[in-house]
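A.B. asks: Just need the whole structure built from these sequences, with the hints factored in.
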Amino acid sequence: MNRPSEIPSGATRPAAFAFGALGLVLLCVGSYWGLVVAPAETYMGDVQRIMYVHVPTAWNAMLALTFAFGCALAFLFQGGWKWDCRLEAAMEVGVVLSMLLCAQGALWAKPTWGVWWDWDPRLTTTAVLVFAFGGILALRTFVDDPVRRGTWSAVAAIVAYIDVPIVYFSVKWWNSLHQQPSTPATVSSAFHLPLRINAFGILFLMIAFITLRSSLAALRLRGELAPPLPEPAVTTALAGTRG
Amino acid sequence: MREFLAALRKEALLQWRTRAQLAAIFMFGASALLLFSFAIGPDSAALRQHSAGFLWLGLLLASTLTLAESFQNEMDERALEALLLLPVRPTALFYAKAVSNWAELTLLGVGLVPIMVVLYDAGTDRVGGLVGVILLGSAGLSAPGTLYAAMTSQARARQTLLPLLLFPLVVPVLLASVRASSLLITGDPMGQVRSWVVLLACFNAIHWSVCGLLFGRVVED
Chain P
148 MNRPSEIPSG ATRPAAFAFG ALGLVLLCVG SYWGLVVAPA ETYMGDVQRI MYVHVPTAWN
208 AMLALTFAFG CALAFLFQGG WKWDCRLEAA MEVGVVLSML LCAQGALWAK PTWGVWWDWD
268 PRLTTTAVLV FAFGGILALR TFVDDPVRRG TWSAVAAIVA YIDVPIVYFS VKWWNSLHQQ
328 PSTPATVSSA FHLPLRINAF GILFLMIAFI TLRSSLAALR LRGELAPPLP EPAVTTALAG
388 TRG
Chain G
2 MREFLAALRK EALLQWRTRA QLAAIFMFGA SALLLFSFAI GPDSAALRQH SAGFLWLGLL
62 LASTLTLAES FQNEMDERAL EALLLLPVRP TALFYAKAVS NWAELTLLGV GLVPIMVVLY
122 DAGTDRVGGL VGVILLGSAG LSAPGTLYAA MTSQARARQT LLPLLLFPLV VPVLLASVRA
182 SSLLITGDPM GQVRSWVVLL ACFNAIHWSV CGLLFGRVVE D
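Listed in order, the protein sequences are those of chains P and G. Position in the first sequence (first residue = 1) + 147 = this note's numbering. Position in the second sequence (first residue = 1) + 1 = this note's numbering.
If you're looking for bench data, these hints aren't it; they were derived computationally from the structure. Heads up, the beta-carbon is just placed ideally off N, CA and C, and yes, glycines get one too. Please note that the accuracy of each hint is not assured.
Said to hold, decoys possible - Computed footprint of chain G on chain P; a stretch qualifies when at least three of its residues, placed anywhere within it, have a C-beta under 8 angstroms from a C-beta of chain G:
id: 1; stretch: 312 to 320
id: 2; stretch: 340 to 347
Stated by the list, open to error - If you want the footprint, here are the derived chain P segments under chain G, 3+ residues with CB under 8 angstroms:
id: 3; stretch: 211 to 217
id: 4; stretch: 293 to 300
Claimed, not checked - Within a straight-line C-alpha distance of at most 25 angstroms, the following computed SDA-like cross-link-like pairs (lysine to any residue) qualify:
id: 5; chain 1: P; residue 1: K319; chain 2: G; residue 2: L23
id: 6; chain 1: P; residue 1: K319; chain 2: G; residue 2: E4
id: 7; chain 1: P; residue 1: K319; chain 2: G; residue 2: V194
id: 8; chain 1: G; residue 1: K11; chain 2: G; residue 2: L23
C.D. replies: Here is the structure:
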């Protein structure tokens, strides 16, 4: 288990670029549709159009962190460096998406609720997720031993992910202002198409980023687990013997 | 069970021998309570209203010191490696360490209550209930805190990493403990304390079992 030969190579890059390009195209089409073609919402007007990126970002942020949880479980109980590389990549992408989600939420909250921030369950849980998984990424930078780094971050990711529902319900009991979740079931059919297009656009972009970041993590891991190079003095001495 | 009791005895002995450290951490918590009051000003009604929050923030800040110190002793002279060589399961070591930290945090929390009462005029008739909430809240801090202290004590920048990992995780503990304590101090006409206590109990049940299961992975690799 966890031999250097099991570290994935960077062979997935063409597929990652294809996913990235497809995601970018879908995001452009979905955003155009949401901004220009779809009708404005009755009460919020044009402000509501931020939903077309906000809601897909929320879905994909949770998806990325759920994937990170799966990778953490796989690394701990199945083994294999590829899971550690994917865990690092998924956590980074998940944290970035969650930060974007908080920023978009604040931009939407100011004109509708009158404040940039409210201690609402979903908003607060997302902020807690940013700090919880951001802390695990910080832990990874402070541990030099790859085995310890992988194991500890997997353990911390499992504990942090299990905590998410408890955080959500504790904040919900404490305070709640957020509207009902926006899904195709709860919004008008005129809003469905841009919402779905953007959801897939962000999903494909997320797959591309996770794949590329995972390859980068694998390259670093290869360097760390490779046998150490001989000291310069030893190399010179060997060259002298041969000569 | 015998392994756990032996490990717990070792922890109790260690706590007794380093009791001066607990006194220093208590002084830290008390000075934090004193400083928090300057943020509000001399408004006695506002101070009383926020007293429970200050108590738990003081305890949370002090907990990072006790938790970090509990594993520092194991890192000195590589005592943890020697412990792992003994025929003792890591789970027993975890529960002994977590119970020891729980007892220390409860002592600290109970010790800070009179300071809170004096500084913020936050007395309550339901002392037993408040001690119960401190017991449950301290348990919520000690289980994940012990697991994270085991990791961070072996990493660089351990003083920064432990609060960075622990604080977001214990948001539900802080919320439930503050709300329950506050209701016990300022009055609970709607009977809401029970639901916060249930939340604390659920948090403890999940984290005491999950952290115990994962501890072996943290110290054995």
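A.B. asks: Compare the structure with each hint and give your call.
C.D. replies: Against the structure, the hints:
no.	hint	verdict
1	312 to 320	holds (count 6)
2	340 to 347	violated (count 0)
3	211 to 217	violated (count 0)
4	293 to 300	holds (count 4)
5	P:K319 / G:L23	violated (36 angstroms)
6	P:K319 / G:E4	violated (41 angstroms)
7	P:K319 / G:V194	holds (16 angstroms)
8	G:K11 / G:L23	holds (17 angstroms)
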